[in-house]
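A.B. asks: Protein chains in written order, with the numbering used here: chain A, 1 to 279; chain B, 280 to 558.
Any given hint could be a false lead.
Unchecked claim - In silico DMTMM-like pairs for lysine to aspartate or glutamate, Cα to Cα no more than 25 Å straight-line:
no.: 1; chain 1: B; residue 1: 413; chain 2: A; residue 2: 153
no.: 2; chain 1: B; residue 1: 478; chain 2: A; residue 2: 163
no.: 3; chain 1: A; residue 1: 134; chain 2: A; residue 2: 112
no.: 4; chain 1: B; residue 1: 460; chain 2: B; residue 2: 432
no.: 5; chain 1: A; residue 1: 134; chain 2: A; residue 2: 111
no.: 6; chain 1: A; residue 1: 181; chain 2: B; residue 2: 432
no.: 7; chain 1: A; residue 1: 134; chain 2: B; residue 2: 382
no.: 8; chain 1: B; residue 1: 478; chain 2: A; residue 2: 153
no.: 9; chain 1: A; residue 1: 134; chain 2: B; residue 2: 432
no.: 10; chain 1: B; residue 1: 405; chain 2: B; residue 2: 382
no.: 11; chain 1: A; residue 1: 45; chain 2: B; residue 2: 350
no.: 12; chain 1: B; residue 1: 405; chain 2: A; residue 2: 221
no.: 13; chain 1: B; residue 1: 413; chain 2: A; residue 2: 27
What the hints contain is simulated information worked out from the structure, not anything from laboratory work.
As the structure is a computational prediction, the values presented were derived from the model and not from experiment.
Number of protein chains: 2
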Amino acid sequence: MSFSQKLQQAARTNDSYLCVGLDPVSEQIPSHLGRGPHAMVAFNKAIIRATQDIACAYKPNLGFYMLYGHDGIRALEETRRAIPDHIPVILDAKVGDIDSTTEAYARGYFDEMRFDAVTAHPYMGKDGLAPLLKRENRCVLVLAKTSNPGSGDLQDLILSVDDSGGTVYEHVAASVVNWQKEFGTCGVVVGATYPDELKRIRAICPDVPLLIPGVGQQEGDLEATVKAAFSTGSGPVAINASRSIIFAGEGLDYIEAVRAAAVDHRDRINRAARDVATA
Amino acid sequence: MSFSQKLQQAARTNDSYLCVGLDPVSEQIPSHLGRGPHAMVAFNKAIIRATQDIACAYKPNLGFYMLYGHDGIRALEETRRAIPDHIPVILDAKVGDIDSTTEAYARGYFDEMRFDAVTAHPYMGKDGLAPLLKRENRCVLVLAKTSNPGSGDLQDLILSVDDSGGTVYEHVAASVVNWQKEFGTCGVVVGATYPDELKRIRAICPDVPLLIPGVGQQEGDLEATVKAAFSTGSGPVAINASRSIIFAGEGLDYIEAVRAAAVDHRDRINRAARDVATA
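With these hints in hand, go ahead and build the complete structure from the sequences.
C.D. replies: Right, here's the structure in full:
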């Protein structure tokens, strides 16, 4: 089953476009769970149990695990194993290297750790991503327009007329279309904080998987995001929220607040998506 | 001591601009050392012992360790600890994320694992790199023009006249100058396979640390590279070779071939650098 099919199936099963970001920060974990990598695993497992009928995907970000070195990476591996097989797991590792190194990442992240998808930088070009793109039934989610305030520094630059005359991020989106044609394993990342750019990118690559981080804590406008994401195209959509869900609660009964926040995010996305469909 | 000073001091001590890439591939390690992460550590320690009076820096690439998950990261940590304090260690992790995540990487790679520098993608802009840039006496080596054949896909695109009219990689080099002015902790990465582009980049940012991968196995022209690297500027230079050194030998006496290859690389670089100085 392709990544797109797996994501679509999980979305249908849980009636959800919500991807839950598993980015535990030790200091923000309810104190009764302790601190450090062991607490992160216990925390993640509780989050997964409480949201596995609400989320269409999970997305741990490598940085929050790497903070603890090899113990953190072990926590990442345990977290991945705690997620039911039918829900796709996206490792947010933002890979981008030369081919021999990318082959090592493909073996580690896909073959060994069994992640379904990874995020990737487009800066080094196609041959640098090829070893990941060649893995069947996996997905390489390429950064086009990122959610951070300074994403425009490079991504919004305008190219010369000979090189399309559009922005760098539009050029990347067009590359994603080509890579998807060649490999069938490519998708795109666009931050929820830029709904206009999201709409433009969706028009360029309507049929690839689309990962949208930046709702919640980063304050992307959820309704505008959903409207832009579903404006056209048939590719599956996963809208990620991390901190606004996993840190929704405090104290012993934090997990009820987590579940309520996940349900709230899912339902708001679904309402907005229905508005687009009936508009 | 700043990263530049540390690199310059190591270069003087060992009369060397050679950075040795510690990218062990389990299958290529001499078989008497075994296979897997333990063999990688034993292999790396032997390489370090045999080259610590020849190298000005070491550069392990995260991918070759991540292949083995948490055991691989432990091997990376042990490798870092095996390198003498006075030689800078560059972690080639090609980081690039939003600020909260980059802060986690800064804590992991700089504060905990004690790497002196990391490589980084420019695609997400300044705010995404700021937590790394803010660490005093560390260095963020930003990818400008990479060594792989497809690096031009994005890096060689020509910007519109309003956005400088130059290439994307020249724009990145100009950003590095600004980030160096603001933080004092920024450098640049340019592949040895592109000496003309290297020369252009060195003219834009002559005084920042310059990491040049791609000689050796990737067949960058060493003499042309050195000529371009030392064409102007006062920033320290580290020229990396990985496979052509660490896999130079086979069998029980492989380490003699490794040392000979390191000496040969160092001496060829020095000869070419002297030719530039006396030209």
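A.B. asks: Okay, which hints does this one fail, numbers in order?
C.D. replies: 4 and 7
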